[in-house]
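What follows is the residue order along each chain.
Number of protein chains: 2
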Amino acid sequence: MPEFLVLQRPLEALDELLRNIPPVMLKKITVPTGDSLGRISAEIVFSPEQSPAFRRSTVDGYALIARDSFGSSESLPAFFKVIGEIRMGKKDEYILNKGETVMIHTGGMLPEKCDAVVMMENTQISRSNEIEVFKAVSSGENILEMGEDLNNGEEIISSGKIIRTADIGGLLAVGITEVTVYEKPRIGILSSGDELVNPSKKPEAGQVRDINSSMLAALIEKHGGIPVMYPIMPDDSDKMKEVISGAFKVCDSLIITAGSSASTRDFTAQIVRQLGKPGILSHGVNIKPGKPTILAVCGGKPVIGLPGNPVSALVIAILFVIPMVKKLSGITRQFPLIRGKAKISVNLASVSGREDYWPVKFIESDSEIIAEPIFYKSNLIFTLVKADGLVIVPADANGIAAGELIEFIQVE
Amino acid sequence: MPEFLVLQRPLEALDELLRNIPPVMLKKITVPTGDSLGRISAEIVFSPEQSPAFRRSTVDGYALIARDSFGSSESLPAFFKVIGEIRMGKKDEYILNKGETVMIHTGGMLPEKCDAVVMMENTQISRSNEIEVFKAVSSGENILEMGEDLNNGEEIISSGKIIRTADIGGLLAVGITEVTVYEKPRIGILSSGDELVNPSKKPEAGQVRDINSSMLAALIEKHGGIPVMYPIMPDDSDKMKEVISGAFKVCDSLIITAGSSASTRDFTAQIVRQLGKPGILSHGVNIKPGKPTILAVCGGKPVIGLPGNPVSALVIAILFVIPMVKKLSGITRQFPLIRGKAKISVNLASVSGREDYWPVKFIESDSEIIAEPIFYKSNLIFTLVKADGLVIVPADANGIAAGELIEFIQVE
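If you read the protein sequences in the order shown, they are chains A and B. Count along the first sequence starting at 1, add 1, and that's the number in this note's numbering. Count along the second sequence starting at 1, add 1, and that's the number in this note's numbering.
Do not take every clue at face value.
One copy or any two copies: either way a pair holds, since identical chains are not told apart in the list.
[As the list claims (entries may be wrong)] Taking lysine-lysine and the BS3-like style, the derived pairs with C-alpha atoms no more than 25 Å apart in a straight line are:
hint	residue 1	residue 2
1	K29	K223
2	K91	K202
3	K202	K92
4	K223	K327
5	K362	K342
6	K292	K250
7	K242	K278
8	K344	K99
9	K292	K136
10	K242	K292
11	K250	K240
12	K378	K292
13	K91	K240
14	K29	K387
15	K82	K92
16	K203	K92
17	K82	K114
Keep in mind the hints are simulated off the structure, nothing from the lab.
So here's chain A without its partners, still in its complex pose:
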């Protein structure tokens, strides 16, 4: 008999799954910083330099000694003699006497004794090599000091961080052209079902193409894992046990799409239970679609059993498989899935006490997104193909009234 004894709340079930995944055990490799977008840093990186490495101007203007400008104003400008122009990318040294200044561009290197820059807009050329300054500047104004952005030895990125565009910029800014990252985790993808055939084959009467394996492979690759696809298993407990045990040895995690019948799902659970401790954490999640989900960690390796129905499989993959792959990849800090808000176009009924993910099509208007529910029966993948997003009907709602704002996630 199916054992949906305790249906866990989705977020609690996810928390428990992630908590049971041990710290990352993947190998470390070195990649060029420019190619590291989306990879997971495997070591803390400290800066070998300070940034900026020299005092820079943050504006176009005139470098001077701040106190020489004190008291200047629109009605009583101070006059300065322009003794030169700082070239970009050069160390041009000027010795300024009282009342002297040099022209400087944004990013230019300040001469040693200068301690401020007056903006171009607050000056006016009075005659050749002379300017009027209309606004006093204080010491340090419009200047970046050495090391103001980053000090020598300061941490740039922590270990277990997903490397973003900005991080690539930060690493390269101090000359770090290689970075140590984790290898990607190998995620085994297994499907069972006597009715399943490979998508390239023409199904006989009663057969359907296995689409879950390819969908999961694409999703796992997008989110940082290496998908390892296994041939379709028959609904036979001995054969399934053999294939699953073999895959478990060589992969860092398994995703099993169980056969359609309750009995196949049951022996999938039995096989998972024998893979290692702690074993099954959730058997059934209080969510629609996706109730018959199995979440397990066996001997340190996460194992997720997905419903065979492709719509359920994909929803559960977005909510559970993606965060699992990220945790397994070595990411130490994950934020919740970003959710947008849309206005629901019609009343949407729902069973209280269960979180509902309902496929919707977006209609854009000037100021908002309107979500039009797509009504569907179980199993219909084309419902999701037509959908732009899934609106989330919270567990404590009996439904959503037309015109209410409701959170959504995008279909992956």
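Since the structure of chain A is provided, determine the placement of chain B on it from the hints.
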């Protein structure tokens, strides 16, 4: 002199830019469906089959002729003789006489005369090969009809659609193992600045490493373009004109990070103006950071001039370059960037009339995300390295009070 005559509102400027990009002119190529995630479909795809291809059960239970169950209830069950079990993936035909039924699993193929399935939960085995049915079913109940998900000849995906995991599933479900997509657009990345050196070089006094080119390349690749990186240009209008014109001929779009000084930015604008019509659409956008942005379309090719400051460059890249690359790639329907909401931890001042993007660090609490602003000076890339997101202070706000909910985008 800089010509910030009219500062356009960011969304209006983006709309105008996208409107001026002509319909896609990229070549078409064929890729395996399983490898097409994130590619842009270049043709409408119609289904060569119907799905499901046979009448399937959506539950585990007993297939029967619906009218035979009429009148049955908890108190007055109907008795059925079980004459067999439908095997998964097989076409098992049974001729049912009145009061006969066959066992069926989810996804199993219905015998021809059966028109409903009664769920396992609403039955009980009374003796060998006999069940009691406690609930009447109506014709069509718990059944998917042939073609109910998708009809033969029906559109699966339109042209100009970004292919998602669900679309891969939909295509494979009807045996489409190859799909025609657009080639990726080539985006030229050019930086000028006498102070810039390649990130692998040790800068001399007054020099800094060029980080914008590598950040833009990573971002463009992530969002579907092919980055074409050019060597750093000196701040010399003749040399810049030569390099920019050459790149313009071979690329589908250019991103130019202008030198730091106002004069270099001015002659960048002059060069862009000469590339073709309509030319510059926005010169200056009412946003912080990123005001001195140039948005242009020249002879059908978008050209974006970014501020040299890496923080501005990255913010503008997220807001303008990504949607531009998507439009250029052939995507016909884009949704606004999904924004989350966070509670701001302290008062945040802002200039009314200008949209402010402020870097923040997220602090998670049980029920919400708290955004802690990072206070910064212009030019500091490590501000963005430390930031998780950018909160958006709307143009009509004078600032945000501590505790208010505010929209954010994630740092890329």
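Verification of the supplied hints:
no., hint, verdict
1, K29 to K223, "both (20 Å within a copy, 23 Å between copies)"
2, K91 to K202, "between (67 Å within a copy, 16 Å between copies)"
3, K202 to K92, "between (70 Å within a copy, 17 Å between copies)"
4, K223 to K327, "both (11 Å within a copy, 18 Å between copies)"
5, K362 to K342, "both (13 Å within a copy, 22 Å between copies)"
6, K292 to K250, "neither (28 Å within a copy, 55 Å between copies)"
7, K242 to K278, "within (17 Å within a copy, 66 Å between copies)"
8, K344 to K99, "neither (66 Å within a copy, 50 Å between copies)"
9, K292 to K136, "between (69 Å within a copy, 23 Å between copies)"
10, K242 to K292, "within (23 Å within a copy, 62 Å between copies)"
11, K250 to K240, "within (16 Å within a copy, 60 Å between copies)"
12, K378 to K292, "within (15 Å within a copy, 50 Å between copies)"
13, K91 to K240, "between (72 Å within a copy, 20 Å between copies)"
14, K29 to K387, "between (41 Å within a copy, 24 Å between copies)"
15, K82 to K92, "within (21 Å within a copy, 97 Å between copies)"
16, K203 to K92, "between (72 Å within a copy, 15 Å between copies)"
17, K82 to K114, "within (16 Å within a copy, 102 Å between copies)"
Figure legend: structure checked against the earlier numbered hints; hints not met, in rising order: 6, 8.
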